[in-house]
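A.B. asks: The chain contents come next:
There are 2 protein chains.
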Amino acid sequence: MSITQDTSRAVTDGAAPAPADPAVAFELPQRIKDLGSSQIAEIADLAREDPDVIKLWIGEGDLASPEPVVEAAYAAMRAGQTRYTYSLGLPKLREALSDYHRRHWDVEVAPSRFSITSGGMNAVMQAFQAVLEPGDEVIHPSPAWPNLGEAAHICGGVLVPVALRRDAAGDFVLRLEDIFDAVTERTRVIVINSPSNPTGWVMPREDMRRLAEFARERNLWILSDEVYNHFTYGNAIAPSFLEVCTPGDRLLVTNTFSKNWAMTGWRAGWVIYPEGLGPVFAKLNQYNTTSIPTFIQHAAVVALEQGDGFIRTMVGRCAESRQIFVDGLSRLPGVTLSVPEGAFYLFVKVEGEPHARDLARRILREAKVGVAPGTAFGEAGEGCFRLCFAVSPELAREAMARLNTFFERRASR
Amino acid sequence: MSITQDTSRAVTDGAAPAPADPAVAFELPQRIKDLGSSQIAEIADLAREDPDVIKLWIGEGDLASPEPVVEAAYAAMRAGQTRYTYSLGLPKLREALSDYHRRHWDVEVAPSRFSITSGGMNAVMQAFQAVLEPGDEVIHPSPAWPNLGEAAHICGGVLVPVALRRDAAGDFVLRLEDIFDAVTERTRVIVINSPSNPTGWVMPREDMRRLAEFARERNLWILSDEVYNHFTYGNAIAPSFLEVCTPGDRLLVTNTFSKNWAMTGWRAGWVIYPEGLGPVFAKLNQYNTTSIPTFIQHAAVVALEQGDGFIRTMVGRCAESRQIFVDGLSRLPGVTLSVPEGAFYLFVKVEGEPHARDLARRILREAKVGVAPGTAFGEAGEGCFRLCFAVSPELAREAMARLNTFFERRASR
Chain A
1 MSITQDTSRA VTDGAAPAPA DPAVAFELPQ RIKDLGSSQI AEIADLARED PDVIKLWIGE
61 GDLASPEPVV EAAYAAMRAG QTRYTYSLGL PKLREALSDY HRRHWDVEVA PSRFSITSGG
121 MNAVMQAFQA VLEPGDEVIH PSPAWPNLGE AAHICGGVLV PVALRRDAAG DFVLRLEDIF
181 DAVTERTRVI VINSPSNPTG WVMPREDMRR LAEFARERNL WILSDEVYNH FTYGNAIAPS
241 FLEVCTPGDR LLVTNTFSKN WAMTGWRAGW VIYPEGLGPV FAKLNQYNTT SIPTFIQHAA
301 VVALEQGDGF IRTMVGRCAE SRQIFVDGLS RLPGVTLSVP EGAFYLFVKV EGEPHARDLA
361 RRILREAKVG VAPGTAFGEA GEGCFRLCFA VSPELAREAM ARLNTFFERR ASR
Chain B
1 MSITQDTSRA VTDGAAPAPA DPAVAFELPQ RIKDLGSSQI AEIADLARED PDVIKLWIGE
61 GDLASPEPVV EAAYAAMRAG QTRYTYSLGL PKLREALSDY HRRHWDVEVA PSRFSITSGG
121 MNAVMQAFQA VLEPGDEVIH PSPAWPNLGE AAHICGGVLV PVALRRDAAG DFVLRLEDIF
181 DAVTERTRVI VINSPSNPTG WVMPREDMRR LAEFARERNL WILSDEVYNH FTYGNAIAPS
241 FLEVCTPGDR LLVTNTFSKN WAMTGWRAGW VIYPEGLGPV FAKLNQYNTT SIPTFIQHAA
301 VVALEQGDGF IRTMVGRCAE SRQIFVDGLS RLPGVTLSVP EGAFYLFVKV EGEPHARDLA
361 RRILREAKVG VAPGTAFGEA GEGCFRLCFA VSPELAREAM ARLNTFFERR ASR
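Chains as they are written, first to last, in full-length UniProt numbering: chain A, 1 to 413; chain B, 1 to 413.
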């Protein structure tokens, strides 16, 4: 695949002359020529089908989707739920989402404020389409899930990364003042992804409140990507901007069925928009994808109504495997990591590794463990890799053993 | 739903003061404020769940999706095909699409030129994202499927409709010179949807060749939406731009599983791009929707490999029901229609009807037949309605009987 050719060019560090880029030959718009390829997809494409590789590169676990969800999809298909449906999604799904938010966060979000999208990804795309003018600035903490920025880029946005800092214990923190200082007259959106992919940083509720006030005063939008809300390793689920904002605030919340219910391959998500913008998001969904598959929406209702126990299982396994990796990795020489408060990733810095993509490829080749290169998440990730720990403790132990061997060999070279 | 409030405002013709528009209050970008609501979705939302209504408003038939396709989706779900997959789609699906094009049009399109998208709709969205700069002009024959233009609009495009003409027999024709004359230095894309929704017009192969040459000389893109290619009522399937273009031409072809295999609610389609642009479209798919659901891709392979007979059944029923409506409608006083060469719609002009939306609502209310207002397809559709005849001959006869009664009563008022 050409996407991997592109990678190898970057990795060989300009030694050979770059072949003519078709995107240039076809005179595509600059913002399209500038799109980064997904460094996660790139490495995954190298060994997606290799059963010997332990795949910790992508944000998905090793559990199958819940059986009642699969059966509900099948029953809906058999019942003829294979036709076009409402642009905003099935009314009963939007009601089930409203119930879900009341149950877990004790917030009232009217069913009329939900649109059902093709995964969290298309929720993000539609959010940016709705509010960005070309040249508008989009502030986001860095390192970050790259797709957030690339979607903004496609919509003409200009990214303004604000680096997370490290506290005394080495853990990631966001200084709100760093965000405030980055605001200019072209700023339109502040993106927050808490719990954060890839750092595991969780924004405290009080910071959410302060940021919401700041944004309200300046008519800025907050795009809050809350897909890891249930994945925390303390006593409570992560706070939501829905707790500190009103239905009239410029808040867009994006979310997905992918992580909670092991439904990554179903491409089902949602966006919550302010009161009154239903007609706008109905059009956006209509003109982006028409809707998501009808029978999948019926299955999603079952995930919401019967899936709380599944979430607990998922999070429990993550907690156990997180500990295995934290214990194992922190014993390795030259390795620095912060213990993540939320999400299901470890973002690991390795001393003496100038090329994150090269490091990830060596780990893949030599240890048969698939990790994502840190540079997939911004320049701050150079020399790092990200590992997803949403796997069984057994698999985590096996992966850790392979990483031990890799780092021992590396040290002895 | 607020989307219908919007409609009623338009229909009451400005009698009441318009309520404050939230899109204005939230200072959304002008191109988003200007988005048209789907007049098709609007009327469908009025009676989607009413079993007494014969629904001919949307471009979908009354057949269930093929059983082998449903079973393949279920088998794939059970086999764990519920995870993330390749950005461009499953290799075996892209190969099956290459075979499909060879089999039906005798063209060689390499598997590397296909990306699997969330319906034809997201294929169109990605095509415009790939090539449009804000302010670029997009020429398209009118009347047209509105979503084509709205997707261009979201990407900053400026629509330039070119009216189809009527020949001596009253049938729609496109004068290529009308397209050539509409080109300016800002023109970037010429959109052709042949066979055409809503007119049934089919572009002759020789015109395709001339247009392709013209576009090649001027470095213009052709976006060819070919979703009704199999739905023709003469001796051959409709020609494709793939027959007259080279892999290096600025051609984007969008297509879907929806129409051929009664899979409207599955949201599966594809875009064909020029040789070499795979990395660009991999990124676009990644940042739009990540991919379409993995198990649906497995089902789509079965549609391609086992579904030629299903297409013949679909088209055969359409041919029969088309004749029933053409015979019935052409007998009605004040009704003008052209006999469609392709697709599965009748675009019907009714004398003495100044408001197409009002007409469609009266037909819904009084005849219990759901049709789309002609204005959904551009201003040229004022006083018209569009009817989808992809239904069983029995249902076509029943709908025609209801329409007879409606038009008799109307004449006697």
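Please note: incorrect hints may appear among the correct ones.
Pairs count within a copy or across copies, as identical chains cannot be separated in the list.
[As the list claims (entries may be wrong)] Straight-line Cα separation of at most 20 Å, EDC-like style, residue types lysine to aspartate or glutamate; simulated pairs: (1) Lys368 / Asp308; (2) Lys368 / Asp52; (3) Lys33 / Glu275; (4) Lys92 / Asp45.
Worth flagging that the hints you see were computed from the coordinates, not collected in a lab.
Keep in mind it's a predicted model, so treat the numbers as computed, not measured.
A.B. asks: Now look at each hint and say whether the structure bears it out.
C.D. replies: Hints, one by one, checked against the model:
Taking CA atoms no more than 20 Å apart as the test, Lys368 paired with Asp308 passes in neither setting, with 34 Å inside one copy and 43 Å between copies. In this assembly of identical chains, the alpha carbons of Lys368 and Asp52 lie at most 20 Å apart only when taken from the same copy (7 Å versus 60 Å across copies). Taking CA atoms no more than 20 Å apart as the test, Lys33 paired with Glu275 passes between copies only; the shortest distance there is 16 Å, against 36 Å inside one copy. In the homo-oligomer, the alpha carbons of Lys92 and Asp45 lie at most 20 Å apart only across protomers (15 Å), although the nearest pairing inside one protomer, at 37 Å, exceeds that limit.
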